[in-house]
Amino acid sequence: MNTARARNCARCLGAALLLLGPVATAAPPTDLRSEAPIYGGGLEMILSWTPPPDDLIGYMLLRGPTASGPWKAIEPIASDAIRHKARVVSDPRREAVPETVFFRLVALRADSPIPALVPGEASDAAAAESEARYVDSLLATGDVSAPVESRTRAYLVNLTPSRVMLALIIIAAGVLIGVFTRAARRGAELYIRRIPGIDAIEEGIGRATEMGRPVLYVPGIGELQEMQTIAAMLILGQVSKKVAEYQADMIVSCCIPIVREVADEVVKAGFYQAGYPDAYKPANTRFISSDQFAFTAGTNGIVLREKPATNLYLGMFFAESLILAETGFLNKSIQIAGTAEATQLPFFVTACDYTLIGEELYAVSAYLSRDPRLVSSLKSSDYIKVFCVVMLIIGTVAASLGNPLISTLFRIAE
Amino acid sequence: MELSTATLLGAWVSIFLTICILSFLYEDNPVYKLAEHLFLGVSIAVSVVEAYYGTFKPNMLDPVGRAATAVASGSDPGWDAVSVIPLLLCGVLFLKLVPKLSWVARIPIAFLVAMFAGLKLTGEANANLMTQVAESMPNLGQLWIDHGLWDWSADGAGVISGLVLVLGLCACLLHFYFSAPHNRPLRVVSRFGVLMLMFGFGASFGYTVMGRISLAIGRAQELLGLDRSLEQNAVVHPRIATLASIVLLVGVLAVWKLRGGKPESDEATES
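Order-wise, the sequence lines are chains A and B. All residue numbers in the first sequence are consecutive under my numbering, ending with 415. All residue numbers in the second sequence are consecutive under my numbering, ending with 303.
These are computed hints drawn from the structure, not numbers from a lab. Ideal placement from N, C-alpha and C gives every residue a C-beta, glycine not left out. Keep in mind that the hints are not guaranteed to be accurate.
[Unchecked claim] The calculated lysine-lysine pairs, modelled on BS3-like cross-linking and capped at a C-alpha distance of 27 Å, are:
| # | chain 1 | residue 1 | chain 2 | residue 2 |
| --- | --- | --- | --- | --- |
| 1 | A | Lys282 | A | Lys308 |
| 2 | A | Lys86 | B | Lys152 |
| 3 | B | Lys152 | A | Lys333 |
| 4 | B | Lys152 | A | Lys308 |
| 5 | A | Lys333 | A | Lys282 |
[Stated by the list, open to error] Simulated restraints, written as ranges between beta carbons of each label pair:
| # | chain 1 | residue 1 | chain 2 | residue 2 | range |
| --- | --- | --- | --- | --- | --- |
| 6 | A | Ala126 | B | Leu262 | 44 to 52 Å |
| 7 | A | Glu211 | B | Leu41 | 45 to 53 Å |
| 8 | A | Lys73 | B | Arg244 | 42 to 50 Å |
| 9 | B | Leu41 | A | Arg208 | 22 to 30 Å |
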C-alpha cells in the first residue's frame, strides 16, 4: 500500500511538472553518458547529457535491466539539470544490485503523457500496470534518449584526500586514547583543569542535604545513544554516589523509557558503591512522558510540588530548557545545567547558577569519574583541538594567498 | 457553516485548557494540575499508539509476519528474516523484570549504544569537525576585493568578519582546552573565546525569544478567535468560550480558596 502511495506521489509530481510548462516541439536529450562515481559504493551512477535546444518542463528518468527494457519510470529531474546521480536499484535491501543497468531519459513537455492517478488503496499489480502504461506512452513520444549502459563499480575504500584526512584524524584520536589510557593505568597523573561547575554540583548536593529536600536530576530529552545522554548518565553515577554518601534524596526525571531503565541501574550502582544500598528508591527514578512538552510539564510539577533544593539539568535539551530553568528559578533551587546544544545554552546561562558549556559536559564526567578511558578521551580531544587551531590558522593564511589546499583537505565531497 | 461536534468540542476544550494552564500565573492550583495531568496522560497514550503503528508494526511485526509466511511456504524470507533480531532484543529487555536474569537486559542496551556509536562516528566527525573546519578558512584577500574591511550592504561581510570568524573560533576551541591550567597567555585567549560565545548566545537568545513571543501571540489569537474565519467564529464562538472558561475558572478557584486550599508545594514545605 505504501509503495503504491509513493508511486502515486511521484506521478503527481510528474503531472505537476507537466502542467506547468510551455508547449514545445519534440526532441530527445542526446549524448546520454553514464559513469560510476569514483570511490562510490556501487549503488549510484552519474548521468550527464546534452539537453534538447527547446524549453522543457523537466525530464523523466527510466531504468531497465537490458537495452530493450522493460523500463521503469524512476524519478523526475528538473529541466535545468545536465547531470544527475541515479540509483541503480530502488531498494538495495530488497533487490539484488545488478552489474549492468540501462538508463534512458525522456524530455517532458506540456504535451507529454500524464501518469494516471492510482488510488492509494489500489493493489500493487494495478499500480504496476498503470506505471507500465505510462512508460509505454512516454516511449511512444519520441522524446526519449538512446539507452546508455551503466556498469556499476563499488570501491572498498574511499581514497579522496578529505576522506583520508578524516580517517587519519579518527585513527590519531584512537591512538592517543590508547596511549593515554595505558599511561593512566600505569599510574601517570593526567592533568584536567577543574571547572567551576564541578564544585557547584557538590555544593548543591550539600545544600539539599541541609535543607532536607531532594536533588532533581534531568538527563535531557535525548535518546540513550546520544553522546550527551551518555555523558549525563556517567555524571549521574557520580552524583548518585555523592547523594548516597550525604544521605540525601534524589529524583531522576526521564523523557525516554530506555533512558529511565539505564538511569535506574546507574543510580542503584551509585548507592551500592557508596555503601547505602537500602537508601536507594526505585520510585524516585521516573519516566514522565516521551512527549517533549508533556515531559516538561511533568518535571515542572515535580519542581513545584516536591521542591528540590538543587536541580541538575545535564544532557540534551531543546525548547524545554528555559521552561525548566525558569520554574526552578521560581522555586529558588540552585541550578546547574550543562548541554552541548548551542541554541539552548543561552537560556541555561541566563536562568541557572552554573552552566557547563558544550564540551565541559563531557569533561565533567571524566573529571568526576577519573575513569582512565574517559580522561584519555578528553586528553585526546584536546590534542585534536590544538591540531584544528593550527590547521585553521595555516588554512586561512594559505587560502588568503590563493592556495585552498588545506580547506580542500577538510571538505568532504558528496 | 457546519462543523462537526468533535471539532466544536475540540475548540472549546483547547480554549479551556489554555486558560487552565494560564491560571498558573496566579499560583499552583487544582485546575492547573488537571490540565497538566491530562496533557501527560494523553501524550503517553498517543506516543504508545504512534510507537506501535509508526515503528513497531511496520518495522518489526509486519516483516516478521512476512518472513514467517515465507518460511512456512518454503520460500526465501530474504531481508525480512533480519527483523527477528530486534524482536529478540526487545523480548530480552523484559528480562529486567526477572531479578536473577536482569543483567541480560543490558545486552540490547549495549547493542543500541554500540551500534549508534559506530554508525555516527564518521557522520559526526564529518558534520561537526571536517565541514566546520573547512568552512572556517576564509580567503581574506578575496573578502578584501569583494567587500573591503566591512560591508554594511552585505550583512557586515569583509576582512573584519573573516578575522573574527577565524580568531573567535580558535579562541573558543582553546577555551575548551582542559589539559593545561588557564595561566596568563591562555587566560587572555580563553576570555576572548568566552566573549565570542556570549555574543553568540545573546544573538541566539534574542532570536528564540522572538519565536516564543510568536507562540504566545498564537495562543492569544486562538482565545480571541483571530485565527479562524468569521464563518467558523460564528459557530465556535471562541470569545464566549474564553469568557466562560475564565468565569468557570475563577469560580473553581474561589471555592477552592474558601475551602482553605493551598498549593501542594506550600503544604509540602509546611510538613
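Results for each hint:
At roughly 18 Å between alpha-carbon atoms, A/Lys282 and A/Lys308 fall within 27 Å of each other, so this suggested pair holds. For a cut-off of 27 Å, the pair hint linking A/Lys86 to B/Lys152 stands: about 24 Å separates their Cα positions. A C-alpha spacing of about 39 Å is found between B/Lys152 and A/Lys333, which places the hinted pair above 27 Å, so the restraint is violated. Taken as a hint, the B/Lys152 and A/Lys308 pair is broken in the structure, with Cα atoms around 39 Å apart against an allowance of 27 Å.
Restraint check: the Cα-Cα separation between A/Lys333 and A/Lys282 comes to about 25 Å, which is no more than 27 Å; the hinted pair holds. Evaluation of the 44 to 52 Å hint for A/Ala126 and B/Leu262 yields a pass: the beta carbon distance comes to about 49 Å. A beta carbon spacing of about 51 Å between A/Glu211 and B/Leu41 agrees with the range 45 to 53 Å that was offered as a hint. Checked against the given bound of 42 to 50 Å, the beta carbons of A/Lys73 and B/Arg244, roughly 49 Å apart, stay inside it.
At about 48 Å, the beta-carbon gap between B/Leu41 and A/Arg208 misses the expected band of 22 to 30 Å.
Hint compliance for this structure: hints 3, 4 and 9 are broken, all remaining hints hold.
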